[in-house]
Amino acid sequence: MKLDRRTFLKAAGAGGLGLAFPEIFRLSTSAAAATTGDLFDEEKYFFCGVCDNVCGMIGRYKDGRMREIIANPADELGAMGSICVKGESAMNTLYDPDRLKYPMKRTNPEKGIDVDPGWVQITWDEAFETIGKKFKEAIDQYGPQTLLYIGRPKEKEKALVQAVGTPNQVSHVDTCYLTHDLCWKVSWGAGKSWCMDLDKAKYIVSFGWDQPAKSKMYQLKGFLAAKENGAKTVFFDPRLSVTASKADEWIPIKPGTDLAVALAMIYVLIEEELYDKEYVQQMTVGFEQLAEHVKKEGYTPEWAEKISEVPAQDIRRIAREFGKTRPAMVALHKRDAGGPNYANSFPLSQAEFILNALVGAIERPGGHYMSRMPSLKGAEEFLMNPEAKYPEITEKRRVDGHDKYPLAVKMAKGFAKGDFSHLADGMLNNPPYPVKVGISKGYGILAFPNQDTIIEALKTLDFFVAIDILPNEMCMLADIVLPDEHFMESKGYEAREYHALWPQVEFRDGTALYDNKGFGPITNGILKGMGLGDYAVWWDEQKMKHFEALGYKVECPEYEALLGDPDPATGERKRVKKPDQAAQDALKAAVEETRKKIIKENKGVWQDKSKAASDGRPKPKSEFNTPSKKLELFSSALNDKGYEALPTWHPKEAEPDDEYPYYFLTNHLTWNRMNRNANDPALRELQPENFIHMHPDTAKKIGVKDNDYAMVEAKGVGKALKIRVRTTKGIRPDCVVTEHGFGQWSKGYSVANKGNGTYDGDLTPNRKIAESLEKFKKYDPVQSARQLDVCVKITKA
Amino acid sequence: MDEAERGAAYGLLSFFFLYPKDKHLEYLDAGGLEELAGLCAVLEVPCGDALEGLRERLKAGEEARPELLLDLQRDYTRLFINAFPKMVAPPYSSVYLDGKGKVWGESTSWVNNLYHEAGLEIAEEFHNIPDHIAAELNFAAFLLSGSGNEDGTNLRLYEKLVVEHLALWAPPFLQRVIEGARQPFYALLAKLVLRLVEEERGRLEDSADGR
Chain A
1214 MKLDRRTFLK
1224 AAGAGGLGLA
1234 FPEIFRLSTS
1244 AAAATTGDLF
1254 DEEKYFFCGV
1264 CDNVCGMIGR
1274 YKDGRMREII
1284 ANPADELGAM
1294 GSICVKGESA
1304 MNTLYDPDRL
1314 KYPMKRTNPE
1324 KGIDVDPGWV
1334 QITWDEAFET
1344 IGKKFKEAID
1354 QYGPQTLLYI
1364 GRPKEKEKAL
1374 VQAVGTPNQV
1384 SHVDTCYLTH
1394 DLCWKVSWGA
1404 GKSWCMDLDK
1414 AKYIVSFGWD
1424 QPAKSKMYQL
1434 KGFLAAKENG
1444 AKTVFFDPRL
1454 SVTASKADEW
1464 IPIKPGTDLA
1474 VALAMIYVLI
1484 EEELYDKEYV
1494 QQMTVGFEQL
1504 AEHVKKEGYT
1514 PEWAEKISEV
1524 PAQDIRRIAR
1534 EFGKTRPAMV
1544 ALHKRDAGGP
1554 NYANSFPLSQ
1564 AEFILNALVG
1574 AIERPGGHYM
1584 SRMPSLKGAE
1594 EFLMNPEAKY
1604 PEITEKRRVD
1614 GHDKYPLAVK
1624 MAKGFAKGDF
1634 SHLADGMLNN
1644 PPYPVKVGIS
1654 KGYGILAFPN
1664 QDTIIEALKT
1674 LDFFVAIDIL
1684 PNEMCMLADI
1694 VLPDEHFMES
1704 KGYEAREYHA
1714 LWPQVEFRDG
1724 TALYDNKGFG
1734 PITNGILKGM
1744 GLGDYAVWWD
1754 EQKMKHFEAL
1764 GYKVECPEYE
1774 ALLGDPDPAT
1784 GERKRVKKPD
1794 QAAQDALKAA
1804 VEETRKKIIK
1814 ENKGVWQDKS
1824 KAASDGRPKP
1834 KSEFNTPSKK
1844 LELFSSALND
1854 KGYEALPTWH
1864 PKEAEPDDEY
1874 PYYFLTNHLT
1884 WNRMNRNAND
1894 PALRELQPEN
1904 FIHMHPDTAK
1914 KIGVKDNDYA
1924 MVEAKGVGKA
1934 LKIRVRTTKG
1944 IRPDCVVTEH
1954 GFGQWSKGYS
1964 VANKGNGTYD
1974 GDLTPNRKIA
1984 ESLEKFKKYD
1994 PVQSARQLDV
2004 CVKITKA
Chain B
116 MDEAERGAAY
126 GLLSFFFLYP
136 KDKHLEYLDA
146 GGLEELAGLC
156 AVLEVPCGDA
166 LEGLRERLKA
176 GEEARPELLL
186 DLQRDYTRLF
196 INAFPKMVAP
206 PYSSVYLDGK
216 GKVWGESTSW
226 VNNLYHEAGL
236 EIAEEFHNIP
246 DHIAAELNFA
256 AFLLSGSGNE
266 DGTNLRLYEK
276 LVVEHLALWA
286 PPFLQRVIEG
296 ARQPFYALLA
306 KLVLRLVEEE
316 RGRLEDSADG
326 R
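Chains as they are written, first to last, in the numbering used here: chain A, 1214 to 2010; chain B, 116 to 326.
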């Protein structure tokens, strides 16, 4: 090509500026902000999105950049004056250059761990159009059940799934809190206890609870306050967890035998009449059956000692202390022994509930409260077309087999939360119907046990969409990747569930750095792409009603014009028309104005303390949403569906043998939120890889020492992980433990995939639907994932 | 080059550091290739076969355009957005200047304040961070465009932009592009910006010494 100076000069005359200018700049709408000498020139309210403790935060900015995060003093229930290391690190994720910024599609059809997707940026319009087309084509051919939705069981997610009419909404809850959740649902009529009044307790017992060490702020502060107030704390745990290390007593129980100890404690409380008789009489049903059951089964401390290796005299003494000290409670949360760890976790969770009920630790100070949440209406009431009704889901069979657990389905109001541990089996081995398209929001592959099988399963999809903030492993398998909002880019709000002693709604006031969208607009975009625009949710209308419920009226004449005549009985006027664009824009502006007002007047945290009693605790409930309206020690819901209605001893599944002699445990680090903040170099530097922690005697036996690498292989899994050895006397010699949150392989990361970390979930056996169903037909209505029910062998690497 | 030419050079380069779309191909086809070739001559940057290769593919007709565009988009995405294995060259000053490898650093605020001083702000539709290379190049074009420059303010801002900012981070950034680009077109663009910025720094520093 001829290089001609004159050619360029000619162009210079035309002026190259205008080519890109309008896409990048506009004239300033305000005078240039003078840079001040102050450290910060702006503050914005947020609540943390790293974990569900949703601590109220204030982001402090200088020249448009967030420089610091502090606790929002208005949030007395969550942050309680502090932000944890995970919350602080959220700023590093927000400003991580690896973030997903725009919708992208893969141009390489081949998928796999080491395969370059060949991404190209696309517009949201193209993304919605393509997704809508692919989903619709698959649904037209195979029916709505062909769509697999992997996402949290939250409202915005449900809006998409319900409009499509697929039964396959699958979430991580079976590997997280479903055992506790369903157990408490049948026992006190609501989900798991998310609100423990720890600081008022005088005696705290736990089976593997380690949340204070996971920087769950209310649990950490509550636990420390309880200790300061002189509470005695007793922790059963095979390893000396951080929380157990602060306890008065650490009892290194044999893994998976907590149920025996809990049953024996119930036995002693009843035998020695140490339970709260008045409370039990007024508040519970089933005491007689329980008393007869533990006596008949012979759940004595001596019996429990043989199983758990905890001396009978200790069990008896602890039970007596627990029964005589008020208030006493069994603290619990998600992934402890009553979580989805062992084949007997469900009856353990029920035994824990019963222990709490026997000492009056439910709906009383120093015990468990039902979260006091404001009533905010769900998305289904705000469809764009007010006449649209979600289709009935006629195909009840789910690809993860979760429909086969009738109580789980019933208790979830027909909308089971699904099952990570059985999804791969369901997809790969005789699925009930073809599952051809899928979408995943906010989950990585490393959220699944046994990643090889789920990778294989997801590769069978013809078309797959991943939504996230970072290019994690899930994105590497996707045909289209959509960039979610980081929580510090959101303008959302949420009702507090953890530690909700009174109703509280927290607000966020962020702005997207790139072209990120929240799931509300994404849902609507996909629905419109599928030709299901009538089912799109008018999120601004929902916000308007929510704000009204918080006492803030949104004025919008354009909206009023869409309403019908007043209902003769209630006077309520329902919307009868679809909104046009002008009405949508008008309501958006009105809602936005109100949102700002609420944030300003409430300093980011709306709350209604009038609902609390004078001591700041909730006014106790005396009636519950169970068939008997009481706390059910004998669960009629379990009984009706043919499950054991009282907690009964069952052993865990895997026991050590000569070849696989060690129990395998996992833990996660204080600063890790699973895999979600693994790409933060500051956190990764704290510990670049996971370790296999073992007792020095065990290390000696195996022939390894600190910093050696060992090969860890699980029975029945056939995969060995190379992990560096750390010795500690804070663990039983028959156990080993490693940290979750490592082993990322996505090459979209520039930090997380460095180093030698391994993924602990690779040692969890792949669960089979038919086998689990057979095993649990009597006593676990949620088919426990048995995350830790595995034994391993270890050799020097 | 005079001011107008320098402004035009920045403007042209800024345009090609935006995500490639049909309009980029159309522009190249309608004389843009020659403009770039001219700029290569002016800046004495050998253009190799980068432009010739593009010309041939453009000549191949309408049917061949989508594949050409896809090749450019694939390379742009992996260079500047997200990639496997990781983005080759984050196009943000803060990643190179602010020590922590993050976006929206001190240097981002610095250049953003400079935009405000010149009466500009980032448009909402840009959906990107203020210190993106395309924004900074376009800002340089604006400062040299003559409008609102009667009192010399914009030229002072331009000098500040180049000497105190662009010349500090553009070289390491562009080096990554030159080494990592699969499409010779992007390596060439990077070489052109590198030469332009370096020349301008030299010129501005010389003139400051002269003052």
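Keep in mind that the hints were calculated from the coordinates and are not lab data.
Among the hints, erroneous ones may be present.
SDA-like, lysine to any residue: derived pairs with alpha carbons at most 20 Å apart [as the list claims (entries may be wrong)]:
| hint | chain 1 | residue 1 | chain 2 | residue 2 |
| --- | --- | --- | --- | --- |
| 1 | A | 1509 | A | 1852 |
| 2 | A | 1960 | B | 274 |
| 3 | A | 1960 | B | 231 |
| 4 | A | 2009 | A | 1915 |
| 5 | A | 1791 | A | 1808 |
| 6 | B | 136 | A | 1337 |
| 7 | A | 1275 | B | 231 |
| 8 | A | 1346 | A | 1747 |
| 9 | A | 1704 | A | 1672 |
| 10 | B | 215 | A | 1852 |
| 11 | A | 1801 | B | 215 |
| 12 | A | 1275 | B | 136 |
Between residue 1791 (chain A) and residue 1808 (chain A), does the CA-CA distance stay at or below 20 Å?
violated, 23 Å
Pair hint residue 1801 (chain A) and residue 215 (chain B), alpha-carbon separation not exceeding 20 Å
The given pair, whose Cα atoms are some 38 Å apart, is violated under the 20 Å limit.
Between residue 2009 (chain A) and residue 1915 (chain A), is the straight-line Cα distance small enough, at 20 Å or below?
At roughly 7 Å apart (the allowed maximum being 20 Å), residue 1915 (chain A) and residue 2009 (chain A) satisfy the hint.
Taking only the CA atoms, is the gap from residue 1275 (chain A) to residue 136 (chain B) under or equal to 20 Å?
Distance ~35 Å between residue 1275 (chain A) and residue 136 (chain B) Cα, so the pair is violated.
Need the status of pair residue 1960 (chain A), residue 274 (chain B): alpha-carbon distance at most 20 Å?
violated, 39 Å
Does residue 215 (chain B) pair with residue 1852 (chain A) here, judged by a C-alpha cut-off of 20 Å?
violated, 59 Å
Hint consistency between residue 1346 (chain A) and residue 1747 (chain A) [alpha-carbon to alpha-carbon, up to 20 Å]
holds, 17 Å
Below or equal to 20 Å on CA atoms is what counts here, so check residue 1275 (chain A) against residue 231 (chain B).
holds, 15 Å
Just to be careful, I want the Cα atoms of residue 136 (chain B) and residue 1337 (chain A) compared with a cutoff of 20 Å; is the pair within it?
Answer holds: residue 136 (chain B) to residue 1337 (chain A) is near 15 Å, not above 20 Å.
If you draw a straight line from the CA of residue 1704 (chain A) to the CA of residue 1672 (chain A), is it 20 Å or shorter?
Outside the cut-off at roughly 35 Å; violated.
Distance restraint between residue 1509 (chain A) and residue 1852 (chain A), which requires alpha-carbon spacing of 20 Å or less:
holds, 18 Å
Taken at face value, is the distance from the CA of residue 231 (chain B) to the CA of residue 1960 (chain A) at most 20 Å?
violated, 38 Å
Of the numbered hints listed earlier, those contradicted by the structure are 2, 3, 5, 9, 10, 11, 12.
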